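**Q** Dock chain B against the given chain A, drawing on the hints supplied.
2 protein chains.
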Amino acid sequence: MKANKFLVLGCMLMAMFAENDVMAQKPKVLPDHSVQFSIRAPQANRVQIDLGKQYDLTKGENGVWTCTTEPQSEGFHYYFLIVDGVKTPDPASEPFYGCSSMASGIEIPYPEGDNRFYQQNVARGTVAQKRYFSTTENGWRRMFVYLPPQYFTSNESYPVLYLMHGGGEDETGWVNQGRTDIILDNLIAQGKAKPMIIAMLDGNTRDFQSELLKDCIPFVEKNFRVKANAENRGLAGLSMGGIQTLNTIVPNPELFGYVGIFSSGWFASANPMGASMGGDTEKMYKMLADRKDFYNKQFKELFLTMGGETDIAYNNCKVMRGRFDQIGIKYSYFETPGGHTWPVWRESLYQFAQKLFK
Amino acid sequence: MKANKFLVLGCMLMAMFAENDVMAQKPKVLPDHSVQFSIRAPQANRVQIDLGKQYDLTKGENGVWTCTTEPQSEGFHYYFLIVDGVKTPDPASEPFYGCSSMASGIEIPYPEGDNRFYQQNVARGTVAQKRYFSTTENGWRRMFVYLPPQYFTSNESYPVLYLMHGGGEDETGWVNQGRTDIILDNLIAQGKAKPMIIAMLDGNTRDFQSELLKDCIPFVEKNFRVKANAENRGLAGLSMGGIQTLNTIVPNPELFGYVGIFSSGWFASANPMGASMGGDTEKMYKMLADRKDFYNKQFKELFLTMGGETDIAYNNCKVMRGRFDQIGIKYSYFETPGGHTWPVWRESLYQFAQKLFK
Numbered sequence: 001m002k003a004n005k006f007l008v009l010g011c012m013l014m015a016m017f018a019e020n021d022v023m024a025q026k027p028k029v030l031p032d033h034s035v036q037f038s039i040r041a042p043q044a045n046r047v048q049i050d051l052g053k054q055y056d057l058t059k060g061e062n063g064v065w066t067c068t069t070e071p072q073s074e075g076f077h078y079y080f081l082i083v084d085g086v087k088t089p090d091p092a093s094e095p096f097y098g099c100s101s102m103a104s105g106i107e108i109p110y111p112e113g114d115n116r117f118y119q120q121n122v123a124r125g126t127v128a129q130k131r132y133f134s135t136t137e138n139g140w141r142r143m144f145v146y147l148p149p150q151y152f153t154s155n156e157s158y159p160v161l162y163l164m165h166g167g168g169e170d171e172t173g174w175v176n177q178g179r180t181d182i183i184l185d186n187l188i189a190q191g192k193a194k195p196m197i198i199a200m201l202d203g204n205t206r207d208f209q210s211e212l213l214k215d216c217i218p219f220v221e222k223n224f225r226v227k228a229n230a231e232n233r234g235l236a237g238l239s240m241g242g243i244q245t246l247n248t249i250v251p252n253p254e255l256f257g258y259v260g261i262f263s264s265g266w267f268a269s270a271n272p273m274g275a276s277m278g279g280d281t282e283k284m285y286k287m288l289a290d291r292k293d294f295y296n297k298q299f300k301e302l303f304l305t306m307g308g309e310t311d312i313a314y315n316n317c318k319v320m321r322g323r324f325d326q327i328g329i330k331y332s333y334f335e336t337p338g339g340h341t342w343p344v345w346r347e348s349l350y351q352f353a354q355k356l357f358k
Numbered sequence: 359m360k361a362n363k364f365l366v367l368g369c370m371l372m373a374m375f376a377e378n379d380v381m382a383q384k385p386k387v388l389p390d391h392s393v394q395f396s397i398r399a400p401q402a403n404r405v406q407i408d409l410g411k412q413y414d415l416t417k418g419e420n421g422v423w424t425c426t427t428e429p430q431s432e433g434f435h436y437y438f439l440i441v442d443g444v445k446t447p448d449p450a451s452e453p454f455y456g457c458s459s460m461a462s463g464i465e466i467p468y469p470e471g472d473n474r475f476y477q478q479n480v481a482r483g484t485v486a487q488k489r490y491f492s493t494t495e496n497g498w499r500r501m502f503v504y505l506p507p508q509y510f511t512s513n514e515s516y517p518v519l520y521l522m523h524g525g526g527e528d529e530t531g532w533v534n535q536g537r538t539d540i541i542l543d544n545l546i547a548q549g550k551a552k553p554m555i556i557a558m559l560d561g562n563t564r565d566f567q568s569e570l571l572k573d574c575i576p577f578v579e580k581n582f583r584v585k586a587n588a589e590n591r592g593l594a595g596l597s598m599g600g601i602q603t604l605n606t607i608v609p610n611p612e613l614f615g616y617v618g619i620f621s622s623g624w625f626a627s628a629n630p631m632g633a634s635m636g637g638d639t640e641k642m643y644k645m646l647a648d649r650k651d652f653y654n655k656q657f658k659e660l661f662l663t664m665g666g667e668t669d670i671a672y673n674n675c676k677v678m679r680g681r682f683d684q685i686g687i688k689y690s691y692f693e694t695p696g697g698h699t700w701p702v703w704r705e706s707l708y709q710f711a712q713k714l715f716k
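Protein chains in written order, with the working numbering: chain A, 1 to 358; chain B, 359 to 716.
Don't read these hints as lab results, they were simulated from the structure.
Being a predicted model, the structure only gives us computed values, none of them experimental.
Cβ atoms here follow ideal geometry from the backbone N, Cα and C, with glycine treated the same way.
You may find that some hints are simply not true.
Cross-link-like lysine-lysine pairs, in silico, DSS-like; alpha carbons within 30 Å at most [what the hints assert, rightly or not]:
no. : chain 1 : residue 1 : chain 2 : residue 2
1   : B       : Lys688    : B       : Lys644
2   : B       : Lys417    : A       : Lys53
3   : B       : Lys716    : B       : Lys655
4   : A       : Lys227    : B       : Lys580
5   : A       : Lys194    : A       : Lys358
6   : B       : Lys713    : A       : Lys130
7   : A       : Lys26     : B       : Lys411
8   : B       : Lys655    : A       : Lys130
9   : A       : Lys53     : B       : Lys384
10  : B       : Lys585    : B       : Lys688
11  : B       : Lys713    : A       : Lys194
12  : A       : Lys222    : B       : Lys550
13  : A       : Lys222    : B       : Lys585
14  : A       : Lys59     : B       : Lys411
15  : B       : Lys580    : A       : Lys222
16  : B       : Lys417    : A       : Lys59
17  : A       : Lys26     : B       : Lys384
18  : A       : Lys130    : B       : Lys417
19  : A       : Lys192    : B       : Lys417
20  : A       : Lys194    : A       : Lys355
21  : A       : Lys130    : B       : Lys550
22  : B       : Lys716    : B       : Lys650
23  : B       : Lys411    : A       : Lys130
24  : B       : Lys658    : B       : Lys572
25  : B       : Lys580    : A       : Lys130
26  : B       : Lys585    : B       : Lys713
27  : A       : Lys130    : B       : Lys386
28  : A       : Lys358    : A       : Lys318
29  : B       : Lys384    : A       : Lys130
30  : B       : Lys386    : A       : Lys222
31  : A       : Lys214    : A       : Lys330
32  : A       : Lys214    : A       : Lys297
Just so you have them, the derived chain B footprint on chain A, three or more residues with Cβ under 8 Å [as the list claims (entries may be wrong)]:
no. : region
33  : 40-47
34  : 82-91
Looking at chain A on its own, in the form it has when it is part of the complex (with noise of 0.2 Å):
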């Protein structure tokens, strides 16, 4: 088609010959960790970013659109593009979904010394992208499996932990924004954590019980060299991704032997959360209280952590654990500044991974 020739003729000269007409310059963090963005727009009437807070962006000679924001603390941070009201991701960056939508995202650096979540020079482990096909949501879906660097190079079995994100993201949340494969990798070479497979699902599902005991599970065990039992099998999740953790948990304790509900916590007054994500939280409480010795022994590790205060989570959660103490269900509770926030759950991811299978 006549009309492919120019979009794609213009692709190829603007690729190898001319970067200077692109709409938009990677975003560039200062040494105080502020964040200079830059955007080619000289038609439009308002060029904003939304980067956790709104920032208007001045427009200058040429029709370039300026701002540098404030210091950003060290870590992940979503931020989208917004043009005369259009909010869309920035050209410019890599994507990351999120917020039920292509986003954009930046990296803040993290304090001199501290590689942990930076790819350093040891043995790699592999993300494989595996599609199956789903009873539950009779369609093909993905998923994301990480492999230890010595899955290529032994013949053994591995534990498996099933990581849940959070709402309005999707599978790639945890290769993307987590950096799952470069936090074990670290950690498996420092010997830290013991080598697993971390299974990153997409918790977009109607009825995530199923998804994960019907057609994950069985596909991850069936596919991989996995030890398949409780003891070597554990589940953790983000936000909703807690939620429908702590819902699947409650009625299969038998199946895991490890749980991590990262920035979350049944919601703590009634509201159309519960029943939507399929969980009768009053139903819950009295299953752990009719058999809480048997919980108790069963997770090895039920392992909360909270981003402060300022995380949306902590009140739901603080009521969760009130009631897990007045049940007398055992649990650890780790809190690390940064709110509701990826920082936090890359945090969460390696201190868990360190409790695991040992």
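**A** What follows is chain B alone, placed relative to chain A:
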């Protein structure tokens, strides 16, 4: 940070309660293969879609802009959203890296019964993301490696095709736009292609020959069960990747038994591309002429494909074939309509994979 709390609270609420507020709805492909776009942009003055040509959307009630395109040809097409002159990806769509930018893509159905590029109920391979340290680029880079279904259930070694994207693209191109894993899963299941490994590399490097020969090939051969000799090693690429392929196989014919050049050819007239891509074309033709029998014997397949006369590389390839004919270099030539587009490149891989390693 308080600011972050509002963004993620907003994200969580948006994700859980109200899908109605999203900026854009996924584009809708109509029965005649035209595409309907719908973007909510009450404050914008002009909203367009770039889908090979630019379409102006019309503002309707509630600030929702819409348009319906002409019928589109089958397969994958890049597209962009343009709001008041700023070209961005569509937040409602899966992203694809192309045209040196994050872009969006729309998939138009193939004719009824043509399932070659769709997931089918066959044994599924794996796409493995691997990070490696490149000595050429002095930094960490990424490749995607397709492993056939048999890989995890056998102890056999496999032949490897090294596969390159085009200008303005990256190592995700053949995975996402190209659907390499789906094409091979289907061909292998039908017995039309030999089980093989396909390493999809990042061609954005100052010195492709070095990156491939010093970094990528040794990395693949070290980390996977590979048959490491010329008759089990192929190199192919589209557009810029085709030129990179030509510039590598001519100086190094002893390394490769199979060569694929899709929608490409050395530039017929002198231009900065020739020099900037590291190839002196006349020198290449001389090397071919000086040892034509050796090249003809070494390359079991030299497979040139083209998207018809509307393909921007058509003339370059025609001139190159003329030179090959003059010299006496053997090749096969395959034309398929579609121009310089991903449907042509999927078709090219579909054809080429059936010729490999037999």
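**Q** Hints first: check each against the structure and report whether it holds.
**A** Status of each hint after checking the structure:
Between B/Lys688 and B/Lys644 the alpha-carbon distance is near 15 Å, which keeps this suggested pair within the 30 Å criterion. Taking the CA atoms of B/Lys417 and A/Lys53, the gap is about 28 Å. The hint holds against a cut of 30 Å. At most 30 Å may separate the alpha-carbon atoms for a hinted pair to count; B/Lys716 and B/Lys655 meet this at roughly 15 Å. For the hint pairing A/Lys227 with B/Lys580, the CA-to-CA distance comes to about 27 Å; that is within 30 Å, so the pair holds.
At most 30 Å may separate the alpha-carbon atoms for a hinted pair to count; A/Lys194 and A/Lys358 meet this at roughly 8 Å. A C-alpha spacing of about 26 Å is found between B/Lys713 and A/Lys130, which places the hinted pair at or below 30 Å, so the restraint holds. Between A/Lys26 and B/Lys411 the CA atoms are separated by roughly 26 Å; this keeps the pair inside 30 Å, and the hint holds. Restraint check for B/Lys655 and A/Lys130: the C-alpha separation of about 39 Å exceeds 30 Å, so the hint is violated.
Taken as a hint, the A/Lys53 and B/Lys384 pair is honoured in the structure, with Cα atoms around 26 Å apart against an allowance of 30 Å. Note on B/Lys585 and B/Lys688: the hinted pairing holds, with a Cα-Cα distance of about 26 Å set against a maximum of 30 Å. Restraint check for B/Lys713 and A/Lys194: the C-alpha separation of about 43 Å exceeds 30 Å, so the hint is violated. With a C-alpha separation of about 26 Å, the suggested pair A/Lys222 and B/Lys550 falls inside the 30 Å cut-off, and the hint holds.
At roughly 27 Å between alpha-carbon atoms, A/Lys222 and B/Lys585 fall within 30 Å of each other, so this suggested pair holds. A C-alpha spacing of about 28 Å is found between A/Lys59 and B/Lys411, which places the hinted pair at or below 30 Å, so the restraint holds. A threshold of 30 Å between alpha carbons decides the hint, and for B/Lys580 with A/Lys222 the separation of about 26 Å falls inside it, so the pair holds. A hinted pair counts as satisfied when its Cα atoms are at most 30 Å apart, and B/Lys417 with A/Lys59 qualifies at roughly 26 Å.
Under the criterion of a C-alpha separation no larger than 30 Å, the hint pairing A/Lys26 with B/Lys384 is consistent with the structure, at around 26 Å. Note on A/Lys130 and B/Lys417: the hinted pairing is violated, with a Cα-Cα distance of about 41 Å set against a maximum of 30 Å. Annotation: proposed proximity of A/Lys192 to B/Lys417 is violated, straight-line Cα distance about 58 Å (limit 30 Å). A distance of roughly 9 Å separates the Cα atoms of A/Lys194 and A/Lys355; the hinted pair therefore holds under the 30 Å criterion.
Our distance criterion of 30 Å between C-alpha atoms is met by A/Lys130 and B/Lys550, whose separation comes to about 22 Å. Only pairs whose Cα atoms come within 30 Å are accepted, and B/Lys716 paired with B/Lys650 is accepted, the gap being roughly 23 Å. Taking the CA atoms of B/Lys411 and A/Lys130, the gap is near 35 Å; set against the 30 Å cutoff, the hint is violated. Taking the CA atoms of B/Lys658 and B/Lys572, the gap is near 24 Å; set against the 30 Å cutoff, the hint holds.
Between B/Lys580 and A/Lys130 the CA atoms are separated by roughly 23 Å; this keeps the pair inside 30 Å, and the hint holds. Using a Cα cut-off of 30 Å, the hinted pair B/Lys585 and B/Lys713 holds, with the two alpha carbons roughly 17 Å apart. At most 30 Å may separate the alpha-carbon atoms for a hinted pair to count; A/Lys130 and B/Lys386 meet this at roughly 27 Å. Between A/Lys358 and A/Lys318 the alpha-carbon distance is near 28 Å, which keeps this suggested pair within the 30 Å criterion.
This hinted pair checks out: B/Lys384 and A/Lys130 have alpha carbons roughly 24 Å apart, not beyond 30 Å. Between B/Lys386 and A/Lys222 the alpha-carbon distance is near 36 Å, which puts this suggested pair outside the 30 Å criterion. Among the hinted pairs, A/Lys214 with A/Lys330 is consistent with the structure: their alpha-carbon atoms are about 29 Å apart, no more than 30 Å. At roughly 25 Å between alpha-carbon atoms, A/Lys214 and A/Lys297 fall within 30 Å of each other, so this suggested pair holds.
Counting residues of the region 40-47 of chain A whose beta-carbon sits less than 8 Å from any beta-carbon of chain B gives 8, enough to reach three: the coverage restraint holds. A count of 9 residues in the region 82-91 of chain A with a Cβ less than 8 Å from any Cβ of chain B is obtained; the coverage claim is therefore met, three being the minimum.
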